[in-house]
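J.: Single-letter residue listing:
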Amino acid sequence: MSIVVDKDILQHAILIADAIVSSKNVNTILSNCLFHIYRDSIEIVSTDNEIGIRTRLDAVSDGEIFFTANGKRFAGILKELPKGEVVIDISENYQIDIKTKAKDIKANYTLVGTSKDEYPEIPFFYDDNVIEINQSVLRDMFRKVLHAAATDTIKPVFNGVYLVSDTPGMLTVVATDSRRLAIISRMMENDIQISDGVIIPLKTVSEVVRLLEPTGNCRFSLFENQCFFKIGETEIVSRIIDGQFPNYRQVIPKEQGITAVVETKKINDSLRRAMVFTREPVNKVLMHVGKNSLVLETKTPELGESTEEIPLESNAEGIFSIGVNAQFLMDTLKEIDTFSMNIGFTGQMSPITISPENDDRFISVIMPIQIKSA
Amino acid sequence: MNRVIVHVDMDAFFASVEQHDAPDLRGKPVIVGADPAKGHGRGVVCAASYEARQFGIHSAMPISKAYRICPGAVFIRPRFYRYAEVSGGVMDILRGFSPIVEQISIDEAFLDCTGTENLFGPPQKIAEKIKQAIYSSTGLTASVGIASNKSVAKIASDLHKPNGCTICPAGHEKEFLAVLPIRRLWGVGKKTVQILEAMGIRTIGDMASIHPDVIERRLGKSGIHLWILANGIDDRPVGEEYERKSYSEETTFSEDIGDDAVIDRVLFEIADRLSRKIRRDECRAKTITLKIRLQGFETHTRSRTLTAPVNDVYSIRAAASEQYRTFDRQGKKVRLIGIAVSNLAGSEADTGSQLDLFAHGTNTTNTNGAPGAKNKDMEKLLDELKNRYGDKITRAAFLPGTHRDPS
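Protein chains in written order, with my numbering: chain Y, 230 to 603; chain U, 5 to 411.
What the hints contain is simulated information worked out from the structure, not anything from laboratory work.
Please read these numbers as outputs of a predicted model, since none were measured by experiment.
Cross-link-like lysine to aspartate or glutamate pairs, in silico, EDC-like; alpha carbons within 20 Å at most:
| no. | chain 1 | residue 1 | chain 2 | residue 2 |
| --- | --- | --- | --- | --- |
| 1 | Y | 432 | U | 326 |
| 2 | Y | 384 | U | 383 |
| 3 | Y | 384 | U | 326 |
Produce the entire structure from the sequences given, and follow the hints as far as they go.
T.: Okay, structure coming up:
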């Protein structure tokens with residue numbers, strides 16, 4: 230059987246599916262994508278056992294067939310072919326012949342495929358209680374909290390993003406690795422029902438962020454221990470993380486004794502310079518907060534030290550000093566796109582809060598590093 | 005000024021201690037290690053006396069193989085407390101020769117004897133005096149290497165064992181090394197030897213004469229380090245304190261195991277012992293490595309590096325278990341399983357203490373077993389109990405396989 234399809238469109242679709250395929254599982258069926266050609270369309274499915282992706286595109290075909298093939302190789306040869314349509318023939322023993330319609334290339338490429346027999350079933354998008362969410366809003370929310378999630382899977386609940394709607398019409402996403410936390414809430418145009426929050430694995434969220442586009446809505450649903458996203462022609466299904474997300478409301482200070490306003494770029498630049506004089510993994514920098522100035526100080530044995538003063542406005546009486554991991558601060562500052570930002574402190578052992586100016590629905594919380602009180 | 009670096013290496017240390025303590029063992033092949041169980045034993049050889057080495061027995065060889073080769077040898081279970089005692093005595097003697105002593109293992113140390121010539125004489129004399137002092141105090145022999153740097157001194161001490169003394173005159177390091185086979189170079193293991201020999205490099209001289217870029221392409225950055233050593237250059241100072249780079253614990257099963265639940269339980273026990281060790285030393289580790297030996301002795305390791313250093317049993321076990329779950333043993337049974345931790349950071353006190361958001365909350369168990377303040381307090385308490393009453397007073401109750409026979 231044979232199909233005709235634009236090579237760029239096919240390549241793009243294969244890459245969407247193949248993104249979650251690890252190059253490590255060399256010999257298993259999961260290193261391949263599953264292709265289903267039917268009714269003038271191609272459906273491409275992939276999975277890493279935790280996430281499944283299903284995407285589809287239009288193509289002119291003369292029959293129906295299932296087969297699996299290595300997505301990286303398939304996309305690889307398409308990438309090297311000239312623009313335009315390709316003709317793909319799949320034989321009964323799953324030899325995939327790829328020919329370009331371009332006149333100046335006289336060549337034949339054959340990729341070895343397999344039958345779909347061992348390929349796991351990937352659930353379809355679950356169509357009940359679907360929530361519609363504006364794509365660019367969701368992408369922005371996810372992006373702003375991702376940095377606070379734990380990248381290792383030692384404590385599974387921290388290796389994900391918590392999604393909840395505990396206020397009517399409002400969606401909240403939270404991520405934390407237990408040393409810092411980021412939380413953002415936005416009003417939704419449509420009704421949403423996620424009163425019991427869910428923890429979506431970090432890898433799934435990263436894939437979703439990659440697929441979300443600047444306009445239009447995406448669809449989201451939950452069924453048993455799985456969550457579903459539908460973005461354009463692509464569906465993502467993922468397990469949700471089992472376990473109780475920590476009580477994040479409790480650790481966000483309601484009121485801060487010291488509140489300060491500082492220019493975002495100034496503190497960012499200053500931190501970058503200070504970080505030269507700090508060492509992994511603590512990257513300790515001392516912040517001395519005065520009424521009109523912030524002094525950033527580092528002192529690392531056998532490395533060096535720095536001090537830099539930048540302007541700030543605060544209600545501090547005297548000087549308040551606190552230690553913090555400079556990398557955590559920088560990660561947070563990257564997500565703040567306003568000219569200035571608010572920082573709040575309550576004590577040397579209490580969380581620091583950071584918000585963009587005029588947006589108290591995006592809060593970053595960072596636990597300090599204990600410093601010996603002078 | 006040229007340095008005078010002395011490397012002292014006790015000869016067949018464990019076996020020699022045994023032969024010293026039991027004079028009737030002298031002159032006989034003595035093998036210290038696991039119980040050979042009439043050739044069905046499953047551990048490895050810890051140390052072999054020179055008499056046993058003549059049969060081709062060496063440390064790390066399976067004990068069953070050693071038994072096959074030399075069934076008449078005297079097999080002894082190791083007495084680590086005794087070796088530690090003797091080792092302590094040897095180190096005290098060495099500290100009488102220089103204030104700068106770096107113990108690198110139980111039976112090896114470096115001394116920086118630069119500037120002691122007026123006191124003890126030229127290198128040859130220093131070596132004789134050290135050997136004599138060790139012998140008269142412990143009855144054991146040592147081999148000594150002296151050179152202007154650590155790498156060459158270590159290689160030298162190994163050249164004329166036992167009871168040897170080898171001195172590389174300052175300025176002649178490169179030619180001293182050139183004729184030696186590449187495996188003698190400090191830091192070159194079996195794998196590296198294979199790679200280098202495939203490149204046509206057989207001697208240390210071959211390596212020194214090749215362009216370092218060629219080595220770096222094959223071995224990465226560590227290749228450059230080896231190339232510098234091959235050229236007889238090594239600026240590393242003799243550290244006064246032996247600094248640990250890793251901790252490890254492992255278990256050899258009495259028969260090969262195919263039951264994942266049993267292996268998971270053993271991983272927990274290993275993680276428990278290991279985490280107590282590193283907590284005792286006020287240390288935390290960022291890299292956790294699973295070691296797994298399958299039937300037929302093929303050995304694999306799988307490492308992962310965490311975002312923050314840990315020392316609690318939960319994190320170490322979780323990392324090791326995850327490596328185990330994703331490891332494909334292709335149906336083969338497991339002979340040995342172990343965990344090593346490396347990439348060590350000091351205690352919270354000397355790295356600055358990062359505070360935890362949820363440590364004071366009531367929800368310590370809600371974070372899926374992540375150690376909060378309560379778990380940390382509990383670990384501290386358990387550590388104290390186990391130190392006082394022994395390891396077996398507690399065990400985790402929730403593990404599957406706990407009450408099963410390992411089969």
